[in-house]
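K.L.:
Go ahead and model the full structure; you've got the sequences and the hints to work with.
Listed in order, the protein sequences are those of chains L and D. Here the first sequence is numbered in our numbering, starting from 42 and rising by one per residue. Here the second sequence is numbered in our numbering, starting from 42 and rising by one per residue.
Note that these hints are calculated values from the structure, not bench results. Some clues are possibly wrong.
[As the list claims (entries may be wrong)] Listed below are the simulated SDA-like cross-link pairs for lysine to any residue, each with C-alpha atoms no more than 25 Å apart in a straight line: (1) D:Lys213 / L:Met65; (2) D:Lys393 / L:Glu288; (3) D:Lys66 / L:Asp280; (4) L:Lys107 / D:Ser257; (5) L:Lys258 / D:Ile82; (6) D:Lys186 / L:Asn226; (7) D:Lys91 / L:Asp260; (8) L:Lys258 / D:Ile93; (9) D:Lys389 / L:Leu335; (10) L:Lys66 / D:Lys180; (11) L:Lys181 / D:Asp79; (12) L:Lys199 / D:Pro90; (13) L:Lys389 / D:Asp79; (14) L:Lys393 / D:Asp79; (15) L:Lys91 / D:Ile215; (16) L:Lys213 / D:Leu61; (17) D:Lys199 / L:Met224; (18) L:Lys165 / D:Leu379; (19) D:Lys385 / L:Leu50; (20) L:Lys258 / D:Gln255; (21) L:Lys199 / D:Ala227; (22) D:Lys393 / L:Ser311; (23) L:Lys165 / D:Ser257; (24) D:Lys412 / L:Leu335; (25) L:Lys143 / L:Lys180; (26) D:Lys78 / L:Phe384; (27) D:Lys269 / L:Asp64; (28) D:Lys258 / L:Lys181; (29) L:Lys78 / D:Phe384; (30) L:Lys78 / D:Leu391.
Protein chains: 2
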Amino acid sequence: MEQQIFDLLEQKNYVEIKRLLQDMKPQDIALLLEDLKDSQIPVVFRLLPKEIAADTFVEMSPDNQKLLINCFTDAELKAVLDDMFLDDTVDVIEEMPANVVKRILNQSDAQSRQWINEVLKYPKDSAGSLMTMEYVNLKKNWTVKQCFDRIRKTAVDKETIYTCYVTDGTRKLIGRVSLRTMMLNAYETVIEDIMETNVISVDTDADKEFVASQFSKYDLNAIPVVDKENRIVGIITVDDAMDVMEEEATEDISKMAAVTPSDTPYLDQSVWRIWLNRVPWLMLLMISATFTGLIINTYEATLSALSPLLFACIPMLMDTGGNAGSQASVTVIRGLALDEIEFKDLAKVLWKEIRVSVLLAIALAVVCFGKLLLIDNLIFGYDYTVTLSALVAVSLLITVVIAKIVGCLLPLIAKKIKLDPAVVASPFITTIVDALSLIIYCNISVALLS
Amino acid sequence: MEQQIFDLLEQKNYVEIKRLLQDMKPQDIALLLEDLKDSQIPVVFRLLPKEIAADTFVEMSPDNQKLLINCFTDAELKAVLDDMFLDDTVDVIEEMPANVVKRILNQSDAQSRQWINEVLKYPKDSAGSLMTMEYVNLKKNWTVKQCFDRIRKTAVDKETIYTCYVTDGTRKLIGRVSLRTMMLNAYETVIEDIMETNVISVDTDADKEFVASQFSKYDLNAIPVVDKENRIVGIITVDDAMDVMEEEATEDISKMAAVTPSDTPYLDQSVWRIWLNRVPWLMLLMISATFTGLIINTYEATLSALSPLLFACIPMLMDTGGNAGSQASVTVIRGLALDEIEFKDLAKVLWKEIRVSVLLAIALAVVCFGKLLLIDNLIFGYDYTVTLSALVAVSLLITVVIAKIVGCLLPLIAKKIKLDPAVVASPFITTIVDALSLIIYCNISVALLS
Numbered sequence: 042m043e044q045q046i047f048d049l050l051e052q053k054n055y056v057e058i059k060r061l062l063q064d065m066k067p068q069d070i071a072l073l074l075e076d077l078k079d080s081q082i083p084v085v086f087r088l089l090p091k092e093i094a095a096d097t098f099v100e101m102s103p104d105n106q107k108l109l110i111n112c113f114t115d116a117e118l119k120a121v122l123d124d125m126f127l128d129d130t131v132d133v134i135e136e137m138p139a140n141v142v143k144r145i146l147n148q149s150d151a152q153s154r155q156w157i158n159e160v161l162k163y164p165k166d167s168a169g170s171l172m173t174m175e176y177v178n179l180k181k182n183w184t185v186k187q188c189f190d191r192i193r194k195t196a197v198d199k200e201t202i203y204t205c206y207v208t209d210g211t212r213k214l215i216g217r218v219s220l221r222t223m224m225l226n227a228y229e230t231v232i233e234d235i236m237e238t239n240v241i242s243v244d245t246d247a248d249k250e251f252v253a254s255q256f257s258k259y260d261l262n263a264i265p266v267v268d269k270e271n272r273i274v275g276i277i278t279v280d281d282a283m284d285v286m287e288e289e290a291t292e293d294i295s296k297m298a299a300v301t302p303s304d305t306p307y308l309d310q311s312v313w314r315i316w317l318n319r320v321p322w323l324m325l326l327m328i329s330a331t332f333t334g335l336i337i338n339t340y341e342a343t344l345s346a347l348s349p350l351l352f353a354c355i356p357m358l359m360d361t362g363g364n365a366g367s368q369a370s371v372t373v374i375r376g377l378a379l380d381e382i383e384f385k386d387l388a389k390v391l392w393k394e395i396r397v398s399v400l401l402a403i404a405l406a407v408v409c410f411g412k413l414l415l416i417d418n419l420i421f422g423y424d425y426t427v428t429l430s431a432l433v434a435v436s437l438l439i440t441v442v443i444a445k446i447v448g449c450l451l452p453l454i455a456k457k458i459k460l461d462p463a464v465v466a467s468p469f470i471t472t473i474v475d476a477l478s479l480i481i482y483c484n485i486s487v488a489l490l491s
Numbered sequence: 042m043e044q045q046i047f048d049l050l051e052q053k054n055y056v057e058i059k060r061l062l063q064d065m066k067p068q069d070i071a072l073l074l075e076d077l078k079d080s081q082i083p084v085v086f087r088l089l090p091k092e093i094a095a096d097t098f099v100e101m102s103p104d105n106q107k108l109l110i111n112c113f114t115d116a117e118l119k120a121v122l123d124d125m126f127l128d129d130t131v132d133v134i135e136e137m138p139a140n141v142v143k144r145i146l147n148q149s150d151a152q153s154r155q156w157i158n159e160v161l162k163y164p165k166d167s168a169g170s171l172m173t174m175e176y177v178n179l180k181k182n183w184t185v186k187q188c189f190d191r192i193r194k195t196a197v198d199k200e201t202i203y204t205c206y207v208t209d210g211t212r213k214l215i216g217r218v219s220l221r222t223m224m225l226n227a228y229e230t231v232i233e234d235i236m237e238t239n240v241i242s243v244d245t246d247a248d249k250e251f252v253a254s255q256f257s258k259y260d261l262n263a264i265p266v267v268d269k270e271n272r273i274v275g276i277i278t279v280d281d282a283m284d285v286m287e288e289e290a291t292e293d294i295s296k297m298a299a300v301t302p303s304d305t306p307y308l309d310q311s312v313w314r315i316w317l318n319r320v321p322w323l324m325l326l327m328i329s330a331t332f333t334g335l336i337i338n339t340y341e342a343t344l345s346a347l348s349p350l351l352f353a354c355i356p357m358l359m360d361t362g363g364n365a366g367s368q369a370s371v372t373v374i375r376g377l378a379l380d381e382i383e384f385k386d387l388a389k390v391l392w393k394e395i396r397v398s399v400l401l402a403i404a405l406a407v408v409c410f411g412k413l414l415l416i417d418n419l420i421f422g423y424d425y426t427v428t429l430s431a432l433v434a435v436s437l438l439i440t441v442v443i444a445k446i447v448g449c450l451l452p453l454i455a456k457k458i459k460l461d462p463a464v465v466a467s468p469f470i471t472t473i474v475d476a477l478s479l480i481i482y483c484n485i486s487v488a489l490l491s
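P.N.:
Pasting the structure below:
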């Protein structure tokens, strides 16, 4: 398909391109535009049927959006803006330079301009910054018939019509009614009799992660955003909640890998931006490894005198400790993110991890003992005696148990003291576990061998 | 609220509990039931208003569901089953022992039984296993008025009425029309004139991860599942797609931390199950660390003779290499999962990582050089000479660049040869990078110091 359109562009066969575009989804057209030359993008965009032009614009990358806005006449810009929902317009505005923002605001009608400015006031990542004002507002004394008439008249400008909100004279949210419920009731039914009154809503300053969790917990299509006086100020729809869920998972994954999260897709990030997101963490972790270095330097002479083979086991001990710790920490971090684990479960989690870690540690220690005696000793000919192998195995055992305990406790404590559990994950735990396991190993070596 | 209900249960004040339950959401009631004694669960469940009993049942843990089914009379079981959607019934069945499944099927009507058996045939994690047959089916020559009548009559049994599907005489999917579009058109409009014909659908055997990605890409409320002849066999709704998205993110996070993923929440998993999900990976990684051990043993005597301080830098080198590698790999793995990166971007990714890694490596090497000379040498009094510090810094530089290259390439190659990119993540990359960085370090040491 894509190749076909490239060829048609070469041949300037715009009629055929127009025909092909008609059957494509806006999301796919936006992807296609990414692969065109800058000069071709406005040409193809102007061939789009009016109904899907705005939808396509919304799906495009900020760079292409900026390019198009700069090519648009005022009338073209106004046509696209009129067909866009408010939350999408705000998303576009947040990525544009000041002069483009000014043009967008100039081409919006007075009501939209007022709404946009209101949404822009809310902090990034808050419910207020995600919402749109384009919801269906009903009154409790209306009948289903009256509501249908109202919806049919205004649906085109509403982000969703499937969940409608009922407010009183002071815009206070008093109920929620789904189009499904209305469809299931007679036309003369009064809304008050069929609306739900215990409406799940979020405050304007609620965190977007919390907003998304409400969607997946209560299987919502939309959620109303209310102010301190419970007046409805907007709604957030499920498609935006899904985007937030994806972003939050990406953020947590980045943090676990010691990278500052970014909203921008990897391929669109500049080399400098990626460098900046990674360098502070690597630097911090490198410097914290100083402790391990100091510990080794302290024991170096002693260990050398006891057995030169002791050094060879340090990486295995440290890696296994690090891996065991991150297994526990990552499991707990994800559990916290999904609300499956809370701080009050600390004792339960700890007791579980202690049992798991003892079982794991025994299995690993036995295999490690056998491996040193059979493979390293017999096959490779290094002089791992029974005492030496046992001492490594015992150190491994203790390391794994400590690693699991540190790994499960740290994220829970972080959560309690309102730090982000994901940032304390594997790399930090590795540093702590490395230092502890080395001290244990060196001390056991001294105790057993000297 | 919860404490209040506990107290009322003690006082056997069921009237007041009933009143309180009326205002609660099914999801919150299910959470409340988790905290009750086994004997109290059926008591409270029987106080629920009929409209929310089935919804609450669906949200409960498998253990509590089993407990309730065993307490239910046949009539009670039938009442709950009649109010449940098919996909939820299948979810329950998948967690139940054979005798309970038999009871459930016996209490389902013939049509549901046939549908349930059909869904159970599809492999776990396929679109077929997620779908429900309860969708609205329209004909292309019907008017909006006729469709509304049809929807009003059947809505109660449909999982969603907001997206309806148009089929021909042979059940082939020929169009899709949203309730919104119908609301926006006159009652006499014929469906054929307003339906979308390029319908996004998935095959019965499509992977659930792909299904979820279609939802977030195209902002869908529901997606039709079709067979090889494009006949519609069911639909999947957005609430299920959100659950899949969460599960997939959890799975990827687990794999990156070298844990076999599990569908069961952490606190509900037995100690043995957790042990089993973790031990093979730890074992494998421990054994693969043998290589690092062998390398150190090979060079031990040489390094000792050159400078005993060389050992102390090994953990820092290996940790930094591991961290640098997982920064790259995790970023690429997430990009692959979100379809932001494909295999064809390999050259772009590699070039980006090379530039980023050189910049990172220079920054880290400079700081490392300074740290060894100023802190370890001057403050702690270890004899890190300029040559020694430079050799560590250069090794670090090379290690970071290699780690980034391995870290970005491995997930892309895994994807290409149809392995799961997430399982090759940090721990495996760490093992490879550890071995490479050690060899480089030892060789540079020998070259510079002897």
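K.L.:
Please list, smallest to largest, the hint numbers that this structure does not respect.
P.N.:
Hint check: 9, 11, 12, 25 and 28 fail, others pass.
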